[in-house]
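Novice: As a plain string of letters, each chain reads:
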Amino acid sequence: MQYITPLAPAYAEIFLLCMLCAILLLDCFLDDEQRGITYVLTLLTLGGCAIITWVTTTTDPVFTFSGMFVSDLMSSMLKLGIYGSTAMAMVYSQSYIRARDMFRGEFFVLTLFAVLGMMIMVSASHLLTLYLGLELLSLSLYAMIALHRDDAAGTEAAMKYFVLGALASGMLLYGMSMLYGATGSLDLARIADVIEEGGGDRTVLVFALVFIVAGLGFKLSAVPFHMWVPDVYHGAPTAVTLFIGSAPKLAAFAFVMRLLVMGLGADYLVEQWQWMLVIMAVLSLAIGNITAIAQTNLKRMLAYSTISHMGFLLLGVLSGSRDGYSSAMFYVIVYVLMSVGTFGMILLLSRAGFEADKLDDFKGLNARSPWYAFMMLLLMFSMAGVPPAVGFYAKLSVLWAVVDAGFVWLAVVAVLFSLIGAFYYLRIVKLMYFDEPVDASPIAPTASMRWVLSLNGMAILVFGIVPGGLMALCEYSIALSLH
Amino acid sequence: MNISIPILSQIIWVPIFAGIAVLVVGDRRAQAARVISLIGALAGLVVALPLWTQFDRAASEFQFAELSPWIPSFHVNYHLGIDGMSLLLILLNCITTVLVVIAGWSVIQKRVSQYMAAFLMLSGLMNGVFCALDGLLFYVFFEATLIPMFIIIGVWGGPNRVYAAVKFFLYTLMGSLLSLVALIYLFTVSGGSFSLLDFYEVQLPLNVQVLIFAAFMLAFAVKVPMWPVHTWLPDAHVEAPTGGSVVLAAIMLKLGGYGFLRLSLPIVPDASHELAWFVIALSLVAVVYIGLVALVQADMKKLIAYSSISHMGFVTLGIFIFSAQGMEGAILQMISHGFISAAMFLCVGVMYDRMHTRMIADYGGVAHRMPVFAALFMLFAMANSGLPGTSGFVGEWLVILATMKVSFWYSALAATTLIFGAAYTLWMYKRVMFGAVANSHVEELTDLSSREFFVLGVLAVAVLAMGLYPAPLGEVLHESVNEILRLASPGRKLLIGM
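In order, the protein sequence lines correspond to chains A and B.
Residue 1 is where the first sequence starts when you use the working numbering, and the numbers rise one by one after that.
Residue 1 is where the second sequence starts when you use the working numbering, and the numbers rise one by one after that.
For the record, the hints were derived by calculation from the structure and aren't laboratory data.
Predicted model only: the values in this text are computed from it and were never measured.
Among the clues, some could well be false.
Subject to a maximum C-alpha distance of 30 Å in a straight line, what follows is the list of computed BS3-like cross-link-like pairs (lysine-lysine) [to be verified]:
1) B:Lys110 with A:Lys358
2) B:Lys167 with A:Lys358
3) A:Lys363 with B:Lys110
4) A:Lys358 with A:Lys160
5) B:Lys110 with B:Lys167
6) B:Lys405 with B:Lys493
7) A:Lys363 with B:Lys430
Some chain A residues flagged as far from chain B (calculated, every beta-carbon gap over 10 Å) [claimed, not checked]:
8) Leu25
9) Gly36
10) Leu80
11) Gly198
12) Trp275
13) Lys358
14) Pro370
15) Ala411
16) Ser418
17) Arg427
18) Pro437
19) Ser441
All C-beta atoms, glycine included, are put in the ideal place defined by N, C-alpha and C.
Chain A with its partners taken away, still in its complex shape (with noise of 0.2 Å):
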């Protein structure tokens, strides 16, 4: 292991501390009018975010701040992963925040904290700043939730969340306060060597697994732990629940990484870790797919159907395989690039007054926009995972860890479960092309947001022609950050 004083590899999280208050201060002197400039700003800063973490990328994991902070190629490109999708949230974003008095600073500040947040969460290699992290992130989606302030909604669902993701933090801080007590330290690469080496006590240790596994959980959205998804994502604005539908995943997907595996990976734990996910994992395959039959709402929908993709996720994981992880970090960008675009597509149809958030306000769209449709159309049968949309490559891949792993029955219920799950994915497709518009209304998006909706779409039909390099990356990046 490798300590350097310089701060290299934390430049980008400095950069965007720094541009996060300049913001700040700034948006205290513009008016409504020239807002644009908050907007653009942010932007900026997330391209300036990438720039740096494209060049401090190093191959070999490289730690500062006395080994708390780590950078490898796997944190990198998770987070190269959140600003992308911020980026594309943002610019999707744009017009229904102002359609709904909400463009103004706060929004951008609140992201920018919370892209902050996830940034020390997938870098954390320390309990302490990996909930340091974590607590920045959620923090600043409640606040976010509930920007609408006089919508009851919004304002309940926020009170939800704070309240259970209150109690799952203290799980998590009950778990990681026994595994200090085992093993004596907070530093997950410590953690992992005194387990390693047969200390701590086990019936602790195991203790202390249930409560992380649960925090876990519910960050994760899975089920049992999966009781706020549906009313956050119904309640907050759709711009809302399209940033905590994207990004954070990609961190979460860290975040269990960093716990399960890089602290908690003996073998011993391993095997108890793994029958604790394959219970969750089927039961979010099955609630999530099953209940999202009976969802009249879009945006419910979509919040059953994260549960059942979150469930395919931890497939990937608890095959406890370097195949596993890498497929499991593949499944999740491809999730968040599937995920920000359907709610790109919500937000396409919105307007002032005007949610599009039911399912029948996708009626018809093929004969208003047969772009769109198209778009849509990829991103369904891709959620769906039927080929050639990538969507289809991410459970082939998680699949054929399992399979390699020995679940072949895990692998059969995964797919019995995708094929309900392919009914209500078809509903919409049914919907935009079978059935007879109701809302004429013309859609027309702003440049910016036609174009990057179009690659978003395009990315999902190029990925799943040639899916060889990203998941080629995915193998990379795992296995230089697992050693």
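Starting from the structure of chain A, add chain B where the hints point.
Specialist: Quick look at chain B alone, frame taken from chain A:
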């Protein structure tokens, strides 16, 4: 330009890119879309023709092979190659696509470019299935065909189209998803390769073979379709537009038979032999029982749909007899059924476009008003009942003959199709075409337009040519069939004591 695209890639990608071009033209310029689709479909046929002339009939290995890495981290390759069976099915597909584009020329007025593009892309994807020599590539093409067909049935279909489209999609998806798990399992046991050629050599214990066979069986049996997983087909056929029914019957059902021959038999030969009785039993049920069901149908399209299931029963029967004769018969039956069912659905389409009803009871005496059509329809009806001299006879006769060598009772049951087939087809023909003119709508019927005549004429020539002189097709098939039988010989790859 010295960059030459290999021929099999051409036959896959030319129709797909033509489809994209048609989409770009858009629905507002409908006539341009039609012309471009026709050019695209013809181009697809033209690039496929050299396959027929350059195909080496004496070789048993896959020809025109292409191999380049596709997903390196999974060792998945873009691996293409064809044998005689794929060759015939590809040509059938390319011809059908041209006919479908012409048949939809004036009938389709709603979203023309999307309609044509869906058929062109479907054609390219199905060529992909017939060419793929990599398990994953096969699966991707196999699944991807669902999307355009789903759209075709759902957008241009009849009143109950949504139900039919969703049923079609979920049924076929259910079948194929389990085969995906089987493919992944094979990938892990074959030491990390998705190549079908490697799968052919993997040693497997019998119980594993049986499970893999069951997974494949579900996928292909739904596609064929075999009794009792056939119920999606009558719904899909009845609701689909004429072109959709034609492609569904002529090509898509063949994906099932093709899958049995390309995957099930060579990969799990012992399980195939062990369970042959089961498949044969289901096939005989299809031939006899579904034949009887067809007899009582009041809707012409439904009748032809059931007749399709019954005829496809011959395909699975011929395959699982494990003799060269039976297998050749099965493949010829697939080709012949491609022509005949396409023609039958087009004939119903011709009448439906004029009368907007498919009910037999609404017709009567059509022959008085449409003599040319009546003559062509007669030919196809005869072919459908397996009259010697038409293509329908060749495959059925070979299969019955091969079955006779195995068991008298199998072949006796199979031969009932000659009675039932004639009964339901000719009885329908009689009620629709003969007798007095039934009503004022029939009175006003006009005979075939030149476009319709061309389409049906091409099919009539094909049906007769294949019936009178099937030898060239047989020549193409001999070596391929022998190779499949060699791969499917029992005990070749049985792993004992695991």
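Novice: Hint by hint, note whether the structure agrees.
Specialist: Against the structure, the hints:
no.	hint	verdict
1	B:Lys110 with A:Lys358	holds, 27 Å
2	B:Lys167 with A:Lys358	holds, 24 Å
3	A:Lys363 with B:Lys110	holds, 17 Å
4	A:Lys358 with A:Lys160	holds, 23 Å
5	B:Lys110 with B:Lys167	holds, 23 Å
6	B:Lys405 with B:Lys493	holds, 26 Å
7	A:Lys363 with B:Lys430	violated, 44 Å
8	Leu25	holds, 47 Å
9	Gly36	holds, 34 Å
10	Leu80	holds, 19 Å
11	Gly198	holds, 33 Å
12	Trp275	holds, 21 Å
13	Lys358	holds, 18 Å
14	Pro370	violated, 7 Å
15	Ala411	violated, 5 Å
16	Ser418	violated, 7 Å
17	Arg427	violated, 8 Å
18	Pro437	holds, 13 Å
19	Ser441	holds, 20 Å
Taken one by one, the earlier hints fail for this structure at numbers 7, 14, 15, 16 and 17, listed in ascending order.
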